[in-house]
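Build the full structure now, drawing on both the sequences and the hints.
Under the numbering used here, the residues of the sequence shown are numbered 23 to 245, in order.
One or more of the hints may lead you astray.
Stated by the list, open to error - Restraint ranges, calculated between C-beta atoms of paired labels, are given here:
#, residue 1, residue 2, range
1, 182, 85, 21 to 27 Å
2, 120, 57, 30 to 36 Å
3, 106, 77, 17 to 23 Å
4, 49, 23, 15 to 21 Å
5, 206, 166, 20 to 26 Å
6, 41, 194, 15 to 21 Å
7, 115, 194, 18 to 24 Å
8, 182, 52, 40 to 46 Å
9, 77, 221, 31 to 37 Å
10, 46, 206, 45 to 51 Å
11, 134, 85, 24 to 30 Å
12, 46, 178, 35 to 41 Å
Hints were generated in silico from the structure; no laboratory data involved. Think of the CB as a built atom: it goes at the ideal place given N, C-alpha and C, for glycine as much as any other residue.
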Amino acid sequence: MTLKEKIVDAAYELFGEKGYEKTSVAEIIDRAGASKGGFYHHFKSKEEILETISFNYVDQIQKHYEEILKDDKLSVVEKFMESFYRLNRLKVESVKDWDKIKNLYTFKDNHLVLMRMGDRFERETARYYHDLINQGVKEGIFQVAYPAELAALWGREVILFQQMARKALMDPAKDETVFFRTLQFNEHLINQQLGFGSKVIELEPMGRAYLAAMKREMKGGSL
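Have a look at this one:
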């Protein structure tokens with residue numbers, strides 16, 4: 023592990039334990055076993071570490087996107103679905119760290135960091151789907167007149183899926199039905215926009231499995 027990685031890991035643990043605002047640079051340096059010079063060689067401030075931690079999640083997703091695109095064993099339709107499965111799996115695996123994650127962002131103006139992270143996630147997701155849609159068009163599988171526009175739209179829909187799933191988990195009686203109706207609509211929408219006359223991209227079963235896995239993990243069960 024490099025010194026930079028040690029500093030990031032130490033900061034993540036301390037932010038999770040004490041909260042971002044209550045953690046000092048000196049504590050991070052001490053936990054990482056670094057020197058002051060070593061710290062400032064890699065980071066200008068505590069805020070920069072928080073951004074690194076936040077963007078590491080997006081980097082992880084981007085890595086999955088790149089792996090899927092390069093996987094010649096998967097058809098373009100399978101790649102479309104695989105990106106959903108992997109993103110959902112990352113979300114399920116993150117449940118164990120929810121308490122830490124909440125503490126990371128309990129400070130004034132936290133929305134600015136979250137907004138930058140969200141913007142980057144949306145850009146990377148749209149770029150992935152743009153590449154994927156273009157591949158499908160070249161192979162004659164997708165019939166799409168506006169690939170860039172559809173990719174941007176679908177990138178936003180992926181974010182909406184995660185937001186609505188979170189609401190359904192927090193208040194099932196109120197939001198679970200809305201979540202599944204929206205999922206059904208998006209399933210219809212994406213199949214239509216890709217030029218399929220039938221249901222080729224199946225989102226609803228994946229959405230139901232994701233919600234069930236999240237509920238089990240939140241209760242401490244095994245996946």
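Verification of the hints:
Between residue 182 and residue 85 the beta carbon distance is about 23 Å. The supplied range of 21 to 27 Å therefore holds. In this structure the hint that residue 120 and residue 57 lie 30 to 36 Å apart at CB holds, the actual value being about 33 Å. Remark: the range hint 17 to 23 Å for residue 106 to residue 77 is upheld by a beta-carbon distance near 22 Å. Distance hint for residue 49 and residue 23: a CB-CB separation of about 19 Å, consistent with the stated range 15 to 21 Å.
Hint check: residue 206 to residue 166, Cβ distance near 21 Å, so the stated range 20 to 26 Å holds. A hinted range of 15 to 21 Å is violated for the C-beta pair residue 41 and residue 194, which are about 29 Å apart. Distance hint check: the CB atoms of residue 115 and residue 194 are about 22 Å apart, consistent with the given range 18 to 24 Å. For residue 182 and residue 52, the Cβ-Cβ distance of about 42 Å falls inside the hinted range of 40 to 46 Å, so the restraint holds.
Take residue 77 and residue 221: their Cβ atoms lie about 36 Å apart, and the range 31 to 37 Å holds. Our hint of 45 to 51 Å for residue 46 and residue 206 holds, since their Cβ atoms are close to 50 Å apart. In this structure, residue 134 and residue 85 meet the distance hint of 24 to 30 Å, their C-beta atoms being roughly 25 Å apart. Evaluation of the 35 to 41 Å hint for residue 46 and residue 178 yields a pass: the beta carbon distance comes to about 38 Å.
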